[in-house]
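2 protein chains.
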Amino acid sequence: MAPPKSWLSIPEDSDFSLANIPFGIIRSKFSDGHRPAIPIGNHVLDLKAFSSAGGFAELTSFPKEHLSVFDSTTLNDFAALGQKTHENVRKYIQDVFSESTSHPEILKDNSELQKAALLPKHETKNLLPMKIGDYTDFYAGYNHAFNAGCLFRDPENALKPNYTHLPVGYHGRASSVVVSGTPIHRPQGQILPPGSQTPIHGPSKKLDIELELGCLLCTSNPMGTSLKLNGDAEEAIFGYVLMNDWSSRDIQRWEYVPLGPFNGKNFGTTISPWVVLPGALEPYRVKKLENKTELLPYLQEKRQDTVYDISLSIDLTIGGDEDPATTTIAKVSSSNLLWSFPQMIAHHTMGGCPMNVGDLLGSGTISGTSKNELGSLLEMGKDGKEGEELMLAGMNTRKWLLDGDVATFRGKAGEGVGFGECTGRVVGTSKH
Amino acid sequence: MAPPKSWLSIPEDSDFSLANIPFGIIRSKFSDGHRPAIPIGNHVLDLKAFSSAGGFAELTSFPKEHLSVFDSTTLNDFAALGQKTHENVRKYIQDVFSESTSHPEILKDNSELQKAALLPKHETKNLLPMKIGDYTDFYAGYNHAFNAGCLFRDPENALKPNYTHLPVGYHGRASSVVVSGTPIHRPQGQILPPGSQTPIHGPSKKLDIELELGCLLCTSNPMGTSLKLNGDAEEAIFGYVLMNDWSSRDIQRWEYVPLGPFNGKNFGTTISPWVVLPGALEPYRVKKLENKTELLPYLQEKRQDTVYDISLSIDLTIGGDEDPATTTIAKVSSSNLLWSFPQMIAHHTMGGCPMNVGDLLGSGTISGTSKNELGSLLEMGKDGKEGEELMLAGMNTRKWLLDGDVATFRGKAGEGVGFGECTGRVVGTSKH
Numbered sequence: 001m002a003p004p005k006s007w008l009s010i011p012e013d014s015d016f017s018l019a020n021i022p023f024g025i026i027r028s029k030f031s032d033g034h035r036p037a038i039p040i041g042n043h044v045l046d047l048k049a050f051s052s053a054g055g056f057a058e059l060t061s062f063p064k065e066h067l068s069v070f071d072s073t074t075l076n077d078f079a080a081l082g083q084k085t086h087e088n089v090r091k092y093i094q095d096v097f098s099e100s101t102s103h104p105e106i107l108k109d110n111s112e113l114q115k116a117a118l119l120p121k122h123e124t125k126n127l128l129p130m131k132i133g134d135y136t137d138f139y140a141g142y143n144h145a146f147n148a149g150c151l152f153r154d155p156e157n158a159l160k161p162n163y164t165h166l167p168v169g170y171h172g173r174a175s176s177v178v179v180s181g182t183p184i185h186r187p188q189g190q191i192l193p194p195g196s197q198t199p200i201h202g203p204s205k206k207l208d209i210e211l212e213l214g215c216l217l218c219t220s221n222p223m224g225t226s227l228k229l230n231g232d233a234e235e236a237i238f239g240y241v242l243m244n245d246w247s248s249r250d251i252q253r254w255e256y257v258p259l260g261p262f263n264g265k266n267f268g269t270t271i272s273p274w275v276v277l278p279g280a281l282e283p284y285r286v287k288k289l290e291n292k293t294e295l296l297p298y299l300q301e302k303r304q305d306t307v308y309d310i311s312l313s314i315d316l317t318i319g320g321d322e323d324p325a326t327t328t329i330a331k332v333s334s335s336n337l338l339w340s341f342p343q344m345i346a347h348h349t350m351g352g353c354p355m356n357v358g359d360l361l362g363s364g365t366i367s368g369t370s371k372n373e374l375g376s377l378l379e380m381g382k383d384g385k386e387g388e389e390l391m392l393a394g395m396n397t398r399k400w401l402l403d404g405d406v407a408t409f410r411g412k413a414g415e416g417v418g419f420g421e422c423t424g425r426v427v428g429t430s431k432h
Numbered sequence: 001m002a003p004p005k006s007w008l009s010i011p012e013d014s015d016f017s018l019a020n021i022p023f024g025i026i027r028s029k030f031s032d033g034h035r036p037a038i039p040i041g042n043h044v045l046d047l048k049a050f051s052s053a054g055g056f057a058e059l060t061s062f063p064k065e066h067l068s069v070f071d072s073t074t075l076n077d078f079a080a081l082g083q084k085t086h087e088n089v090r091k092y093i094q095d096v097f098s099e100s101t102s103h104p105e106i107l108k109d110n111s112e113l114q115k116a117a118l119l120p121k122h123e124t125k126n127l128l129p130m131k132i133g134d135y136t137d138f139y140a141g142y143n144h145a146f147n148a149g150c151l152f153r154d155p156e157n158a159l160k161p162n163y164t165h166l167p168v169g170y171h172g173r174a175s176s177v178v179v180s181g182t183p184i185h186r187p188q189g190q191i192l193p194p195g196s197q198t199p200i201h202g203p204s205k206k207l208d209i210e211l212e213l214g215c216l217l218c219t220s221n222p223m224g225t226s227l228k229l230n231g232d233a234e235e236a237i238f239g240y241v242l243m244n245d246w247s248s249r250d251i252q253r254w255e256y257v258p259l260g261p262f263n264g265k266n267f268g269t270t271i272s273p274w275v276v277l278p279g280a281l282e283p284y285r286v287k288k289l290e291n292k293t294e295l296l297p298y299l300q301e302k303r304q305d306t307v308y309d310i311s312l313s314i315d316l317t318i319g320g321d322e323d324p325a326t327t328t329i330a331k332v333s334s335s336n337l338l339w340s341f342p343q344m345i346a347h348h349t350m351g352g353c354p355m356n357v358g359d360l361l362g363s364g365t366i367s368g369t370s371k372n373e374l375g376s377l378l379e380m381g382k383d384g385k386e387g388e389e390l391m392l393a394g395m396n397t398r399k400w401l402l403d404g405d406v407a408t409f410r411g412k413a414g415e416g417v418g419f420g421e422c423t424g425r426v427v428g429t430s431k432h
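So the protein lines, in turn, are chains A and B. According to the UniProt record's numbering, the stretch in the first sequence is residues 1 to 432, in order. According to the UniProt record's numbering, the stretch in the second sequence is residues 1 to 432, in order.
The set of hints was computed from the structure by calculation and includes no laboratory data. In this text, all values refer to a predicted model and were calculated from it rather than measured experimentally. Do not rely on the hints blindly, as some may be mistaken.
Same chains, same label: a pair holds when it works inside one copy or across any pair of copies.
The calculated lysine-lysine pairs, modelled on DSSO-like cross-linking and capped at a C-alpha distance of 27 Å, are [claimed, not checked]:
| id | residue 1 | residue 2 |
| --- | --- | --- |
| 1 | Lys48 | Lys292 |
| 2 | Lys431 | Lys84 |
| 3 | Lys160 | Lys382 |
| 4 | Lys385 | Lys160 |
| 5 | Lys29 | Lys371 |
| 6 | Lys371 | Lys228 |
| 7 | Lys125 | Lys287 |
| 8 | Lys431 | Lys228 |
Produce the complete structure using the sequences and hints provided.
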């Protein structure tokens, strides 16, 4: 499906055609402070400037008293207005940029506002799109859960009996969620050397990536209530981002029993800057992985196409700024999930846990079934097994990330609808 | 040690003598909005009213531009000023209320300000003292960890090999931390009936309490850095609260492998309203439990008396408002910890995890070694084993909490230094 044509020049391969219209937070050298923005091709629309100059004058469904959400330094206030409003704003911006816009006076024929609000993308910087209250990471990527279970335990014990009955998840650390581009320090910590019974202290030698889809929320529920499937849970979704749940496998392995991952995860989690709305992904719905277990009623979805077919990829760049060489080490569809985000939300709130606008949920690592579809180095290198090195550009190899390595995730749902980059460079050991 | 005498009448058994001076957030019928306050005997000092009327005029070490922290609706801004400032303010308030105050004109002889700022405690309501960014629960209560491990697994496997090498912990859910007095809904969730391989859905039948000490932080560290023991980690502590980490044992047991507790915990965590400063607890330092394992250098403390001997108790009240009957079901010292809070902080940040002002750390359940010193019903009733009922006032029994039951924790360090109450009532099943 070709995206609608725009009066603004948009490169054909752009993630940010008029079919997309995601939201983020930027700062630019042209203006003070952080502000909401929308990327369109190689430009971004500064929503604070656009709004204050009357850009939303023709969006009659949008009450004027709500315009203050575009003065905010996060998307939380905008998100809290609800899915209908997000979609109205998205459709309005599509029209404003459309070649055949019904309101050319707003921007197409308004060179003054173009100058004030339409900025070259490379002259802006992205910030974390939302104030994240709580972050929960699920484990809904069936293939990854099985692969990791085989390596951390054994094939018979890889998936625990609860795995197909409920979306397994754990609470993550909200304070270490950062926006794409933020440097990642290699964590130090306790590591049990092979064959030893006494841990040593030092930099992690098994630094890994995890390819995930993240979901940001736009509704809240009071403590003691739940968000039900086939209604509340779907409406709680503001939008989606790519997520790298950086992981230290040696620290994680020693610490994680019996209460789960801790320092092996809380040193950094990177998300892509632009929040892609459900409306943009609607054409790319597909069925999730088949679950033969009969689910309890609160997890039964009326429709089965509740995940998306987004083509995800991992690029690994080595060699530093002087001699960079990039290899695509994985390509996998985001549909490799046993549980949808609405199911995760319904389960998360089943016992009355309150969600808040800006909460982040991670899908868990997404892997396919073939060798080129693995979402973590743990799986690619079979936990660093002899002879299982990754072959990279320039005859280099890797089992785990080295200092200076850059991991870049991309996601493309279809023509003109993508996520941009979720990238981070390993910059050496954390300070102590 | 008798507390200093005050010109204000303070009941002899009060937790809030001049030796204490903790901080909290209140609202009252006398004024609009939430504001910082200090409890003194049966009164509270409204710090917003006190400050705006010039109450801090003689605290020369306190820059005037900092007075806005007392206009805030949380203690975060005050906490961020650092331990030295907290202690200066505490000492100043001790002097203002002292019988032999050096500044009687401030409050002792100022009936107008007394009327405006010194409120009867029963006419005020407590709120959550801080905006909690992230909440982490540790597992530092050795006796509880052993007891729970025996019941969830087996005595040989009760403590995992990592337990004496590092303070095991997991990320909790900040959004469900509430102030004392907030009703707690019994969670619904998935439960595996004994002998079955298929979970059912329903209200938890094994609703439990966990007696913990909570620690609130007053410093931040950037991602990629750590807070070191014997300095930074100690200075990161704003103060302490009592904490009830309400737990659903049947939900927890089915869900917790391999990534840790989730819905079994995130339906509610109650903290006491007044943050007791390290200065007030200084006279009550004692040695923590002996750890025969040789610790890695980053966990070695210069002094061993890094926990406190606070006498904790659990009261269970049954029978509702009509016919209440209360039984004290446990009394235990808070010194039953294998790890101190500074050790927890040093470990938590070892890999570069950023802490923020207002973060909450829980000690883990505190139990002693005798039958009357157990911090959870799980331990008291041996996971609901036949014949292990609790005997309560009025010939009633309990294995787990019933709807209407009220659990009240108290903590007293010494004469005039206590925590008040950390209480909550089970009010029926969460809505779905």
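Hint by hint, work out which the structure violates, then give me just those numbers in ascending order.
-> Numbers 1, 5, 6, 7, in rising order.
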